[in-house]
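Spelled out, the chains give:
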Amino acid sequence: MKRLSLTAPLLGALMILSAGCSMDFEPSLVEEGTILALRATQDEANDQQFELEALTVGVDALTWTACGAPWVGTENGLECVTPTWTLTPSESEHKATLDLGAVPIPDEYKDLLESVYVLVDGDGDEVVPAVLSVSLTAAPNNPELVGVLLDGVAPDEWAGTNETEIEVAPVWSSDEASEGTTTSFYTTAGAMDPWRITEDGSTMLTLEGEETNLTLYVISRFLGEGATWTKVEVSL
Amino acid sequence: MRPLFTLLTVVALMSLSTGLSLAQEAPDEPAQQTAKPEGAPSPSKEVPAPAPGDKGASEEAPSEQAQRVTPPKLASERPVVRCPSLGEGGAAKAKVSMLIRETGETDEVMIVTGIDAACDAEVLAAANALVFTPAQLGDAIVAVKIRWTIRAEGPPKPEPPPIQTGDIEGVVQELGTRTRLPGLVVRLLPSGVEVVTDAEGRFAFESVPEGKVTIVVPSYDHEELRTKLDVPLEDPKLVLRLTPLPRSRYRITVERPKSDVSRVIVSAKVASEIPGGAGDPVRVIEVMPGVGHVSGAGPGAGQIIVRGSAPEDTKYFIDGLPSPQLYHFGNIYSILQEVYIGEIDFRTGGFSTEYGNATGGILNLTLAPIPTDDVHFRADVNTYHTSVAASTPVGDEWAISGGVRRSYIDAILPAILESSGAGANLVAAPVYYDYQFRADHNPSPRSRLKLLAYGTDDGFSVEFAEPSASDPSTTGFGINQLAHMIQGSWSYIPSNDLSLRLGLVSGYQGLRLQIGEDRSFKLRVCPLVLRADADRRLSSKLRVRGGILGAIRSFGVKLELPRPVKEGQTDSPTAVREQFSVDSDGFEEQAEGWAEVRWEPTNGFGVIAGARLNKWFGDFQDFTVEPRGTVFWQASEGTRLTAGAGLNTQRPFYDETSPDIGNPNLISERSTYGVLGLKQQLGEMFAIDVQLFAKLLDDLVSPVAFDPAQPEAVPYDNAGEGTVYGGEILARLAMERFNAWLSYTLSESKRTDRPGEPARPFSYDQTHVLSFVASYALGSGWNSGVRMRYSTGNPYTPLTIGYYDSTSDVYVPRPAGPPLSDRIEDFFALDVRVSKEFRYEDWLLKVYLEINNATNQQNVENVGYRYDYSERQDINGLPLVPSFGIQGVY
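Respectively, the protein sequence lines represent chains A and B.
According to my numbering, the first sequence holds residues 1 to 236 in order.
According to my numbering, the second sequence holds residues 1 to 890 in order.
Wrong hints could be hidden among the right ones.
[Stated by the list, open to error] Computed beta-carbon distance windows for the label pairs: (1) Thr161/A with Asp518/B: 33 to 41 angstroms; (2) Asp123/A with Glu871/B: 51 to 59 angstroms; (3) Gly593/B with Pro83/A: 48 to 56 angstroms; (4) Gly101/A with Gln710/B: 20 to 28 angstroms; (5) Glu31/A with Leu849/B: 49 to 57 angstroms; (6) Glu167/A with Asn856/B: 37 to 45 angstroms; (7) Glu871/B with Gly124/A: 28 to 36 angstroms; (8) Gln710/B with Leu100/A: 16 to 24 angstroms; (9) Phe617/B with Gly124/A: 58 to 66 angstroms; (10) Leu746/B with Gly124/A: 41 to 49 angstroms.
For the record, the hints were derived by calculation from the structure and aren't laboratory data.
C-beta atoms are modelled at their ideal positions from N, C-alpha and C, and glycine is treated no differently.
Please model the entire structure based on the sequences and the hints provided.
Now the structure itself:
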């Protein structure tokens, strides 16, 4: 008989997935030293140039290292099977420019590249490095997230609350802009429930009642294609 | 003087002729005077009638013999006088003298020798009533005087009643199940005549004298039965129902055939009673020597690990024909109901060239014959499912059967998991269905056709309320695996030295997998497999077997997935792996041939040598030759030694040889094996079986590291190697009510992925595997049993946070140590079973309670991690789960 070879490993993987999604944790509460998101924006005038940006919490210095292949996790750390090159931060440590015309890698690799994988790392051991894959065949597709509403009003109009729950809702550039998006919510205090939503919707920020200030991070993605975020400082 | 002379002469001649004709009544005593009736002729001289051979009269008158004398003849019926005084059955004779007149009437009747007064009167009356044809002298009618004997009898004895007999026919059955019992002695008392029941459990006694008899069936596996009968019987067809002895259910459970090095055969009826198996006989495999712990989650979940091989290295067969699967998801139950399984035939290595394309083991389920005696019905309701099956004979040669099963664990298991804190409240538990239809055609003892149609459908799906923390692109997943197969096998024995077998299987297999919205996998396979085998005994010492197998499979694949993670590779989220899109159809053909010679030059010593040829056509093309051999020696009555060596090859996975995502130029994986076996019987109750095995693996498929400079490079090659060494022990104790077996396997299984790399543990390497099964028959239908399993935990590669992939919003791990350098915690489980049978005349009710994982051990089935790989969060096996079942069998 033809062996259904994928059955066993996939079933196993799925069981792990299912178990993972039901574990007890609070991922929306971010700690210092976290890289929350990376994104690339293609230069409209030069399609060989990409503006790279990082959203971090408590990370000052970032290093940007590009690889022509997916980074491989090994016992010794992360390795690249192609030559790597370092990107120079621009404007601030949280931005860098990827210029494909200046990629310092051998031609045998350059012509075969379909994506560049940029590893962004912080200056502390506690910082988990993040990777952004920049497709060379398709432009980044960053969602049109334009803001966020707190209990239905803009953050600068929001007068605070004595309640322990605040509704947080993304604001999109149009009614259709949220289609296909996955939005993650992070906070420096309290907890978001749900932590992630798909497409249009909202979430609730639950506080313990002792907080005075917090920062909300709302990150929307077309998974595998691009990201957009907004950051809101909230005074309670 | 002249008349007197004439009278005397006539009397003499009459006496002569009468004496001749009435020899028994020849007078021998002097005549007595009697009254002369009225009208009597003139007196004449009375002359005794001569005795036989008495020639005196004729010698006295030779001169008169010239005249013709015709004696009188009795013209009336010869009288028999009834004399009550003679008593029943008595008899006596009376002698009379009388004159026969010319008219033939009698006169002058007188008693010469009487009996008694009453009888004499009757005699005289009878004599007077006699009528004769008168005597003649020449032409003249004359009167003569003669003596005559008349028989007198008492009242007749009453007729003795005729001797009566009767026939006794019957059938011997097991009480409750109506299973007919062949080969049992049936004794008839008081005569002591014995017969043996035939294959259908029938017996017969013919012409049993009437009266009281007792039929005895001496105890064997059943209690002695005594039945008193009065012959002849009103209904000569008896049904004798025997009650089984309260013996352990595992009696004679595990048998290793004489010539196979590593083969175990277990009766399905016995195997279904094993604790922890929830009534499924195939799960007896879990406690067999050489079999590793079958994980309930993660890679290899629910699959059999045989002697350090991967689960896919063991192939499944039903009645010798390949089957796509034998288990439902998660190894919960096999796809055939117990009633359809005859034996579980399991080979862990060193198997015959009859089987191929397997470097692990062979699991073959033989089909149980359909009962031909009567209609049977069976229903089974337990914690996991409800099943029903029925069978009936059709005519003299056919029998048919059908059964269905449906699980409801999907409604029960989530609640159990939630209450146990296992945190799997989002998991939709497996749902499975299956059906079986069987037909047997037995036109003669030498010909048998077995047909089977079966199907199985397993579904398993999860929908997340929120995007998965591990991978937000996964909002749920579902998997569905189904098969609808039909197979037939015809065995024919044209002579005592030759047997033939022809098998055919075809059907449809499908697998659908959906992960989130964007990742899916669909596979359909329609196989057609034909095999023909022959077994020829050339002499008492030489036997040849062989066969051919041809297969063609059409298949279609649609895939939107990354390549699967291979054994030994570090897993990573699907979202960050290269995704492939495949939509292809095709055919694959396979041709195989096998032959082996079995030579037993002396009684107890033999050699089996054979070879198998495998040819693959299609995307994957290869030709392999597998020589194999076995030597066996019955060193003494209780000691048997076996040894085997050979080569097994196995086709790589289909995804590995796919032109789209694999390398069609791969060749078959190879396993060169050697195995030694010793079986020692110690007394009647204890036996031990020791096996040593080794396997050298090469040409194993190994992933090739991605190099963007060589995008056309193959993803897999045959650079992998491996070794497996080990030993196993099977010890069995079989007592009257207590039975047990213990199996222990010590092994080491390693792999080398690339040349020059260090060997690493195999993902399913379990150093120690210990299983113990025991049962005790309490009596009165009560049985109890326990199963204990222990095994070393599987190796795994420890993972830690690698990086956060912002593009896909997932964390990607990296190894925190050498490949497969850690092990999960050892596995331990204790299962307890108690069952009770209620036997009625024609049906049986059985209830059982199993406590699975009675110690509530938190066994780690697979290592899991927090979504960001910052800490381990294992997947545990099921907690303590009580399982209740009830079966009705008619």
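Verification of the hints:
At about 39 angstroms, the CB distance of Thr161/A to Asp518/B agrees with the hint of 33 to 41 angstroms. A hinted range of 51 to 59 angstroms is violated for the C-beta pair Asp123/A and Glu871/B, which are about 24 angstroms apart. A C-beta distance of roughly 54 angstroms is found between Gly593/B and Pro83/A, which places it inside the suggested range of 48 to 56 angstroms. A hinted range of 20 to 28 angstroms holds for the C-beta pair Gly101/A and Gln710/B, which are about 25 angstroms apart.
With their beta carbons about 50 angstroms apart, Glu31/A and Leu849/B fall inside the hinted range of 49 to 57 angstroms. As the Cβ distance of Glu167/A to Asn856/B is approximately 43 angstroms, the hint placing it in 37 to 45 angstroms holds. Under the hint 28 to 36 angstroms, the C-beta atoms of Glu871/B and Gly124/A, about 19 angstroms apart, miss the expected range. Distance hint for Gln710/B and Leu100/A: a CB-CB separation of about 21 angstroms, consistent with the stated range 16 to 24 angstroms.
Range check, Phe617/B to Gly124/A: Cβ separation about 60 angstroms, and the 58 to 66 angstroms hint holds. In this structure, Leu746/B and Gly124/A meet the distance hint of 41 to 49 angstroms, their C-beta atoms being roughly 48 angstroms apart.
Checked against the numbered hints listed earlier, the structure breaks hints 2, 7; every other hint is satisfied.
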